[in-house]
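There are 2 protein chains.
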Amino acid sequence: MVEEVKLFGVWASPLSKRVEIALKMKGVKYEYIEEDLTNKSSLLLKYNPVHKKIPVLVHNGNPIAESLVIIEYIDEIWKHNPILPQHPYDRALARFWAKFIDEKCLLVLWNSFWSKGKEREVAIGEACEHLKTLENELGDKKFFGGEEIGLVDVVANFIGFWLVASQELSGLELLTEEKFPKLSKWIREYVNHTAIKENLPPRDKLIEALSARFGTASK
Amino acid sequence: MVEEVKLFGVWASPLSKRVEIALKMKGVKYEYIEEDLTNKSSLLLKYNPVHKKIPVLVHNGNPIAESLVIIEYIDEIWKHNPILPQHPYDRALARFWAKFIDEKCLLVLWNSFWSKGKEREVAIGEACEHLKTLENELGDKKFFGGEEIGLVDVVANFIGFWLVASQELSGLELLTEEKFPKLSKWIREYVNHTAIKENLPPRDKLIEALSARFGTASK
Numbered sequence: 001m002v003e004e005v006k007l008f009g010v011w012a013s014p015l016s017k018r019v020e021i022a023l024k025m026k027g028v029k030y031e032y033i034e035e036d037l038t039n040k041s042s043l044l045l046k047y048n049p050v051h052k053k054i055p056v057l058v059h060n061g062n063p064i065a066e067s068l069v070i071i072e073y074i075d076e077i078w079k080h081n082p083i084l085p086q087h088p089y090d091r092a093l094a095r096f097w098a099k100f101i102d103e104k105c106l107l108v109l110w111n112s113f114w115s116k117g118k119e120r121e122v123a124i125g126e127a128c129e130h131l132k133t134l135e136n137e138l139g140d141k142k143f144f145g146g147e148e149i150g151l152v153d154v155v156a157n158f159i160g161f162w163l164v165a166s167q168e169l170s171g172l173e174l175l176t177e178e179k180f181p182k183l184s185k186w187i188r189e190y191v192n193h194t195a196i197k198e199n200l201p202p203r204d205k206l207i208e209a210l211s212a213r214f215g216t217a218s219k
Numbered sequence: 001m002v003e004e005v006k007l008f009g010v011w012a013s014p015l016s017k018r019v020e021i022a023l024k025m026k027g028v029k030y031e032y033i034e035e036d037l038t039n040k041s042s043l044l045l046k047y048n049p050v051h052k053k054i055p056v057l058v059h060n061g062n063p064i065a066e067s068l069v070i071i072e073y074i075d076e077i078w079k080h081n082p083i084l085p086q087h088p089y090d091r092a093l094a095r096f097w098a099k100f101i102d103e104k105c106l107l108v109l110w111n112s113f114w115s116k117g118k119e120r121e122v123a124i125g126e127a128c129e130h131l132k133t134l135e136n137e138l139g140d141k142k143f144f145g146g147e148e149i150g151l152v153d154v155v156a157n158f159i160g161f162w163l164v165a166s167q168e169l170s171g172l173e174l175l176t177e178e179k180f181p182k183l184s185k186w187i188r189e190y191v192n193h194t195a196i197k198e199n200l201p202p203r204d205k206l207i208e209a210l211s212a213r214f215g216t217a218s219k
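Line by line, the protein sequences are chains H and A.
4 is the number that the UniProt record's numbering gives to position 4 of the first sequence; each next residue is one higher, with no gaps.
73 is the number that the UniProt record's numbering gives to position 73 of the second sequence; each next residue is one higher, with no gaps.
Treat the hints loosely; a few may be bogus.
The list makes no distinction among identical chains, and a pair is therefore deemed to hold if it is satisfied within one copy or across any two copies.
Stated by the list, open to error - BS3-like mimics (lysine-lysine), calculated; alpha carbons at most 25 Å apart, straight line:
#: 1; residue 1: Lys104; residue 2: Lys46
#: 2; residue 1: Lys24; residue 2: Lys185
#: 3; residue 1: Lys205; residue 2: Lys142
#: 4; residue 1: Lys99; residue 2: Lys40
#: 5; residue 1: Lys132; residue 2: Lys52
By construction, these hints were calculated from the structure, which means they are not laboratory data.
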């Protein structure tokens, strides 16, 4: 049977790119459909009527929404080059950290760069705490997944790329070599990994898009 | 090898009870340790240093936090009487709805009953929308999992029991037979299911605890 794999995404979204990284790790060919979030397609609304958000993967006509759910699906359908570890306890830990990044880190990191006043101040404090927690969790491992990238690395793509671009543009030095040497080393390894570097948005285009939305250095 | 299974929980917490339902479905014996959230034990802080929250399952010395992560772990370790469906697409759908209840429904349902003024008004509107979405998803199935309870039913225990007690106490009629006939039927089936009814807090004690915290009817 010929597999039909379609991904509805947005080029600048780390959530879309998580799914592209997972597909790349499995070597799965897919058709990519760029969505305009100011004018969502009828197909996106049909495939994700509850959240009306990207990314949505459509596999042989069956739609799946929510990036973490999609990644687990991809890992269960195409079993080679596993994204989650094999042992249930290691899988639980990977899910725990993926959830931590998704639910605790993303919004406060974003708000550290792009919100204003008191909200920004509070976000910066929380972001530093969460980055310390991740620095400890990474320890001396090359990737969160060990010698190879795994679920947590895929989910952490915002930290590996978007955060650095946001720092450059906003002037806020949240994650530095001095404060977070292990995460800094991880970022260097990360952006050079084949599955990652082929699934990053063009840096200049991303900075231009962020700049158009938020202006330049607001430090 | 003798299995050592410990659960750190709080009797009135639907999140703790989710884990107890999952253990009950598998017939796993466990030691239950009641936590005092105003004076958390050193073991809880040791086992869940990131969130410092219940529930925490400790299996043969290995701690796991976050109820959804724990349930998936339980389902992977004890494979009989599966909680998640077997096919990857059905598993993805179950994870999608579990996440929807966890992230979208719980807080707005809680705030519908126990917050004040404008916040409460907004929460009631959102809660009705989310309940409509769940009513549609349930359709004519006996349980969200089909003929038997599954992941989504386990995660929806707040709706099956705590919501009804909260309605009674607050006087707010959010989920009625007239507005949500399918969810109402589900609640009746649900609280009579063996794995569920043995894992519900005593109704009077729960209402007393909610009443002590929030007072009575605020309609």
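Hint check:
In the homo-oligomer, the alpha carbons of Lys104 and Lys46 lie at most 25 Å apart only across protomers (20 Å), although the nearest pairing inside one protomer, at 29 Å, exceeds that limit. When the C-alpha separation of Lys24 and Lys185 is checked against a cutoff of 25 Å, the pair qualifies only within one copy, where the shortest distance is 23 Å, while the shortest distance between copies is 45 Å. In the homo-oligomer, the alpha carbons of Lys205 and Lys142 never lie at most 25 Å apart, since the shortest distance is 29 Å inside one protomer and 51 Å across protomers. Taking the closest pair of Cα atoms, Lys99 and Lys40 come within 25 Å of each other only across two copies (23 Å); inside a single copy the shortest separation is 27 Å, beyond that limit.
Taking identical chains as interchangeable, the C-alpha atoms of Lys132 and Lys52 lie at most 25 Å apart only when they sit on different chains, with a minimum of 16 Å there against 34 Å within one chain.
Hint compliance for this structure: hint 3 is the single one not met.
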